[in-house]
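Peer 1: Sequence:
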Amino acid sequence: MPATLDASTTTARVVTAPAPIALRPGRPLLSVVVHEGGERADTTVFLTHGSGGNKNQWRHQWQALKRAGVRIVAWDFIGHGQSPQPRDHAAYEGSRIVDDYRHLLDTYGPAPGQGRIVLAAHSYGCRLTLSLLQDLAAEGRLDRVAAALLLGPPSPLAQLGANPLGWLPPFVLEWLRPVIAAKFRALAWHPDVDAELLAFEEEATKGNSLFMMKALMGQAVQPDPAKLKDLTLPVTVVAGTNDGLTPPAGARDLVDRLPNATYVELERCGHQIMLEKPAETNALLLRLAGV
Numbered sequence: 178m179p180a181t182l183d184a185s186t187t188t189a190r191v192v193t194a195p196a197p198i199a200l201r202p203g204r205p206l207l208s209v210v211v212h213e214g215g216e217r218a219d220t221t222v223f224l225t226h227g228s229g230g231n232k233n234q235w236r237h238q239w240q241a242l243k244r245a246g247v248r249i250v251a252w253d254f255i256g257h258g259q260s261p262q263p264r265d266h267a268a269y270e271g272s273r274i275v276d277d278y279r280h281l282l283d284t285y286g287p288a289p290g291q292g293r294i295v296l297a298a299h300s301y302g303c304r305l306t307l308s309l310l311q312d313l314a315a316e317g318r319l320d321r322v323a324a325a326l327l328l329g330p331p332s333p334l335a336q337l338g339a340n341p342l343g344w345l346p347p348f349v350l351e352w353l354r355p356v357i358a359a360k361f362r363a364l365a366w367h368p369d370v371d372a373e374l375l376a377f378e379e380e381a382t383k384g385n386s387l388f389m390m391k392a393l394m395g396q397a398v399q400p401d402p403a404k405l406k407d408l409t410l411p412v413t414v415v416a417g418t419n420d421g422l423t424p425p426a427g428a429r430d431l432v433d434r435l436p437n438a439t440y441v442e443l444e445r446c447g448h449q450i451m452l453e454k455p456a457e458t459n460a461l462l463l464r465l466a467g468v
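Here the sequence shown stands for residues 178 to 468, where the numbers follow our numbering.
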């Protein structure tokens, strides 16, 4: 492991918050944690996980950004991590989560002209981020965000709710949980992944309600592929060569539709890029943050 990484972080609960907060009226509480930064606190990095993930999956990046003096905001979107899991199907509708994201940005980001914002996202979090950026572009506010890092993004044309399992009721999905977990493991992780890391992450996912996952993916947000050309900010798109969930071809398709994108493909890496290749992810994120 490179010297810039702390081996103890591999299976540590680093990015945690004391209690969920009310981000906006009429929505469930959300878990948000903020590090106010140091000498580079004029740059704020927002960390957004994917479906079934949590903010602690950014623990290596959190530590690296913290050492660099950057301001950091990480959150668990609805139903994930330390945020509540309401039994309300409509609460997981994609555009509502994008609105939560917008409120997060407006609440914790610097005032316009007072600092830089960098967005980092993983998997479905990339969809949320692209949707937010398209909304900002439509409002003439795209300059609110300086750059973005997208890890393991789905193809811009992929229909995320099309999985046949999505038709099954939640109680059947719970019965099938061991089968689903084994399939996910095979698709999401490189075969040589550290066993301790894998066990730690699989234990964390046991807290995910399959009611939540079904509601989330059945109402997944879909950025408009035709309007990706309007996102002129620098975007670094990263794929793992061995990613079976969101294969590199989808990431390359996304890059082709973005006018100012850089493509990076990491060898011997699956879908969990920030965990499988933390040093490489840190370097890319720190570069976008101006460190």
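Simulated from the structure, these hints should not be mistaken for laboratory data. Backbone N, C-alpha and C define an ideal beta-carbon position, used for all residues, glycine too. Treat the hints with care, since some could be wrong.
[Claimed, not checked] Ranges of calculated distance between the beta carbons of each label pair, as one might list FRET restraints:
(1) G215 to E351: 17 to 27 Å
(2) G384 to A363: 17 to 27 Å
(3) A196 to G317: 35 to 45 Å
(4) T382 to P205: 16 to 26 Å
(5) K383 to Q291: 40 to 50 Å
(6) G215 to D183: 10 to 20 Å
(7) F377 to P355: 25 to 35 Å
(8) E442 to D371: 13 to 23 Å
(9) P411 to V211: 21 to 31 Å
(10) R464 to D433: 32 to 42 Å
(11) E351 to P436: 35 to 45 Å
(12) P287 to P355: 43 to 53 Å
(13) V211 to G384: 14 to 24 Å
(14) P289 to H266: 14 to 24 Å
Peer 1: Next step is simple, just say for each hint if it's right about the structure.
Peer 2: Hint check results:
no.: 1; hint: G215 to E351: 17 to 27 Å; in the structure: violated, 45 Å
no.: 2; hint: G384 to A363: 17 to 27 Å; in the structure: holds, 21 Å
no.: 3; hint: A196 to G317: 35 to 45 Å; in the structure: holds, 36 Å
no.: 4; hint: T382 to P205: 16 to 26 Å; in the structure: holds, 20 Å
no.: 5; hint: K383 to Q291: 40 to 50 Å; in the structure: holds, 41 Å
no.: 6; hint: G215 to D183: 10 to 20 Å; in the structure: holds, 18 Å
no.: 7; hint: F377 to P355: 25 to 35 Å; in the structure: violated, 18 Å
no.: 8; hint: E442 to D371: 13 to 23 Å; in the structure: holds, 21 Å
no.: 9; hint: P411 to V211: 21 to 31 Å; in the structure: holds, 24 Å
no.: 10; hint: R464 to D433: 32 to 42 Å; in the structure: violated, 22 Å
no.: 11; hint: E351 to P436: 35 to 45 Å; in the structure: holds, 44 Å
no.: 12; hint: P287 to P355: 43 to 53 Å; in the structure: holds, 46 Å
no.: 13; hint: V211 to G384: 14 to 24 Å; in the structure: holds, 23 Å
no.: 14; hint: P289 to H266: 14 to 24 Å; in the structure: violated, 36 Å
Hint violations for this structure: numbers 1, 7, 10, 14, all remaining hints satisfied.
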